[in-house]
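Top line first, the protein sequences correspond to chains A and B. The opening residue of the first sequence carries number 843 in this note's numbering; numbering runs sequentially from there. The opening residue of the second sequence carries number 326 in this note's numbering; numbering runs sequentially from there.
Possibly wrong hints are sitting among the right ones.
Said to hold, decoys possible - List time: in silico DMTMM-like cross-link candidates among lysine to aspartate or glutamate, alpha-carbon distance up to 25 Å:
(1) Lys-381(B) <-> Glu-1159(A)
(2) Lys-528(B) <-> Asp-1296(A)
(3) Lys-1003(A) <-> Asp-495(B)
(4) Lys-1338(A) <-> Glu-354(B)
(5) Lys-381(B) <-> Glu-1241(A)
(6) Lys-867(A) <-> Glu-517(B)
(7) Lys-487(B) <-> Glu-1238(A)
(8) Lys-1210(A) <-> Glu-1159(A)
(9) Lys-503(B) <-> Glu-1204(A)
(10) Lys-503(B) <-> Glu-1336(A)
(11) Lys-867(A) <-> Glu-592(B)
(12) Lys-1259(A) <-> Asp-553(B)
(13) Lys-1126(A) <-> Asp-1254(A)
(14) Lys-453(B) <-> Asp-390(B)
(15) Lys-381(B) <-> Asp-856(A)
(16) Lys-538(B) <-> Asp-856(A)
(17) Lys-503(B) <-> Asp-1329(A)
(18) Lys-453(B) <-> Asp-1329(A)
(19) Lys-487(B) <-> Asp-1296(A)
(20) Lys-528(B) <-> Glu-1159(A)
(21) Lys-867(A) <-> Glu-354(B)
Hints in this document: simulated from the structure, not taken from any laboratory. Small disclaimer: the values here were computed from a predicted structure and weren't measured.
Take a look at the letters that make up each chain.
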Amino acid sequence: MSQPSTNDTTKSLDIRSYLDADERKDLLRLLTAGSVDDGKSTLIGRLLYDSKKLYDDQLAALERDSKRVGNAGDSIDYALLLDGLKAEREEGITIDVAYRYFSTNRRKFIIADTPGHEQYTRNMITGGSTANLAIILIDARKGVITQTRRHTFLVSLLGIKHIVLAVNKMDLVGFDRNVFDAIVADYRALTDHLGIDDVTCFPLSARDGDNVVRHSPRTPWYEGPALLDFLETVPIHADRNFSDFRFPVQYVVRPDLNFRGFAGKVASGVVRVGDTVMALPSMKSSRVKEILTPGSGELVSHANEAFPPQSVTITLEDEIDISRGEMLVHPDRPDQGDAAQSKNLPHIGRLFTTMLVWMDEEPMNTDKQFFLKHNTNTTRATIAAIRHRIDVNTLEKKEGKPFQLNEIGQVDIHTAKTLFFDAYSDNRQTGAFILIDPITNNTSAVGMILAPIDEDTLASDDVPTLDLPRLGITAEHYDAVERAVRDLSRQGIEVKLIK
Amino acid sequence: MNTSYHLSHLQELEAESIHIIREVAAEFENPVMLYSIGKDSSVMVRLAEKAFAPGKVPFPLMHIDSKWKFREMIEFRDTYARQHGWNLIVESNLEAFRAGVGPFTHGSKVHTDLMKTKALLDALAKYKFDAAFGGARRDEEKSRAKERIFSFRDQFQQWDPKNQRPELWDIYNARIHKGESIRVFPLSNWTELDIWQYIRLEKIPIVPLYYAKERPCVEIDGNIIMADDDRLPEKYRPLVRPRMVRFRTLGCWPLTGAVESNATTIEEIVEEMMTTTKSERTTRVIDFDQEASMEQKKREGYF
């Protein structure tokens, strides 16, 4: 096991080589979950502190604050580093998601620090949506408790691939191996049940720093790495979906008549110059002419391929009318022969079943038409059916009735516009959406799609139709009408045009 | 798995920022990019240029001129905007300026309230901007660490830290009612080192005040203040001495402390930053007005 790396040696390093090395580091986003009592903020403070990224004046302010409201007696209260807002500092709890940044010689880290209270499920969901890894904190004296189950369920719901179980306060149980082993066994029973396979467990004392950045002599029986060492090296690259090309068109770049570029972020898969791509929903195909990526030292440069999470601009050989909200995909897998087997399209439809987390003070209303935002698409949507709710404490299913704030369950959603989506478990980028309240504009709920539903159950066409010839509108006005319809579509209101 | 499909942290941050900037251009009718002329703004502006290249950036740049900015900043701003084809809007609180408001006579609080916050709010209202980009980073300051990338402001431009919209994945809720707006922070996840690293790699021009040079300085309340123009009060004038200094942040010259430095290249600046003991905002005098002062200002509409 290599030594934990800190920035100790920076001063003596040539700064240029330091910067060159820094440039190549990758980024790990991590979520921490646990309650105030588990020492979560202390652990984060310790990671930040020990990785030498705390500046002196932040420390001085901390010392001053510790004397006023600290909970750690005479020693520095690391938790105060993290609790930013004035109001909550007085309440003594973290109420929202706070982001922290630190780096070591091997990696850069973004920590989303979220609270553990039940009423703040929505904050943990918010903080965890982009995380590669989650740290679940447990107090060694208490073991796996209801809250642990809740947090772990949320982590599995968010599709976070790697879990770290931080068994904290080992000092208070005498660094007893049996205590640790029992907790780990309990926890693995839970994660097996949830189908999470990547779990790594650490015996820690965040307060004293045991096994945080250095292997502790007080746990000679523990043979794994220190936490920071693990965080620096856990491979996350393969977590992305590189196989199913999905490119939601975000913006059309059209500086002049000779250039029409489709700008967006590659949601998944890899696309190369020359690939045949298909636009959804028109199903028109063309070939990729150019891929423009942000240049280095210049605004754009040409690339042969693009992959997630790059933001690129794609031009096509043929002039196809594509606008925001549409999607470029591979009509089939380029590497595979058998056409029937090789279809690689997302689900295309207006009805799907999904996990939903209610984030709004205002309870769910199934009569309401929400705005649904999925990738670059916005459409009207209704909750067509509530299948069940989940008790996040017992993980049991409950009767399906409208969700209250922080409730989670399975519902069916019906959209006005056709969406191009995948199951969240296959594709975190194209399987996620948010529901926006049309009156308050609040983000009322967030969803992780499970599967499409056959649309035969739907009324064939409930989209309003403008039959231009029948309305006596002449061809010279078509452009203007089309523009207006596109504008409405952008706002989530679908109108069908007949010319 | 082909490991060549790999982005460095900076490329990942760049991709994220460009995605945010494009999203705003697509979702809002009348966005504006607020330009402070500082290093973060310089990076944000470059990212906007990249986001729409080879097309033009579809929104203007706006600078709120407090009338007390360093002269080199104004010069840099005008040259940059001209050379890069930006539509530049400059707005000031002329009423307060004509009434003689300034940091020396009215103190930093009144000056900031009138010449920065009020000027900004008036300008946003004047042009009816529905989205405004700012170059703030979450690692700068504690209250910013909790702010969303799309930060909702009510019709009074106020931020409510306890009532923020949940923000998940890269799906941003851009819906607002008339009169409301969104402040957008595409650099939220960048750190100070990331900014310098990017400026270095991309060779982004920055105001020369960031580099050390001998400048006329006077010590006021423990801060090294550069005598940038003849509005320095009489009593300080005899105390002005040339000192080798540079600035870690840029703002109104009487409110921006310099640091003694010999750093004349980005590498030297970074080296100094990594070995220094003060985080960047301590050279910004306005932060010391009151505890949690940035949070207070943000609630009132200041960035």
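Hint check:
1. Lys-381(B) <-> Glu-1159(A): Distance ~22 Å between Lys-381(B) and Glu-1159(A) Cα, so the pair holds.
2. Lys-528(B) <-> Asp-1296(A): Given pair Lys-528(B), Asp-1296(A) is violated - Cα atoms ~54 Å apart, limit 25 Å.
3. Lys-1003(A) <-> Asp-495(B): holds (18 Å)
4. Lys-1338(A) <-> Glu-354(B): Answer holds: Lys-1338(A) to Glu-354(B) is near 24 Å, not above 25 Å.
5. Lys-381(B) <-> Glu-1241(A): Roughly 54 Å separates the two Cα atoms, so the pair is violated.
6. Lys-867(A) <-> Glu-517(B): At roughly 16 Å apart (the allowed maximum being 25 Å), Glu-517(B) and Lys-867(A) satisfy the hint.
7. Lys-487(B) <-> Glu-1238(A): Given pair Lys-487(B), Glu-1238(A) is violated - Cα atoms ~31 Å apart, limit 25 Å.
8. Lys-1210(A) <-> Glu-1159(A): violated (43 Å)
9. Lys-503(B) <-> Glu-1204(A): Status holds; Cα separation ~22 Å.
10. Lys-503(B) <-> Glu-1336(A): The hint holds at about 22 Å.
11. Lys-867(A) <-> Glu-592(B): Distance ~18 Å between Lys-867(A) and Glu-592(B) Cα, so the pair holds.
12. Lys-1259(A) <-> Asp-553(B): violated (59 Å)
13. Lys-1126(A) <-> Asp-1254(A): The given pair, whose Cα atoms are some 30 Å apart, is violated under the 25 Å limit.
14. Lys-453(B) <-> Asp-390(B): With a Cα-Cα distance of about 19 Å, the restraint between Lys-453(B) and Asp-390(B) holds, given a limit of 25 Å.
15. Lys-381(B) <-> Asp-856(A): Judged against 25 Å, a Cα distance of about 40 Å means the pair is violated.
16. Lys-538(B) <-> Asp-856(A): holds (23 Å)
17. Lys-503(B) <-> Asp-1329(A): holds (17 Å)
18. Lys-453(B) <-> Asp-1329(A): Distance of about 20 Å is within 25 Å: holds.
19. Lys-487(B) <-> Asp-1296(A): Given that 25 Å is the threshold and the Cα spacing comes to 41 Å, the pair is violated.
20. Lys-528(B) <-> Glu-1159(A): With a Cα-Cα distance of about 34 Å, the restraint between Lys-528(B) and Glu-1159(A) is violated, given a limit of 25 Å.
21. Lys-867(A) <-> Glu-354(B): Cα-Cα ~38 Å, so violated.
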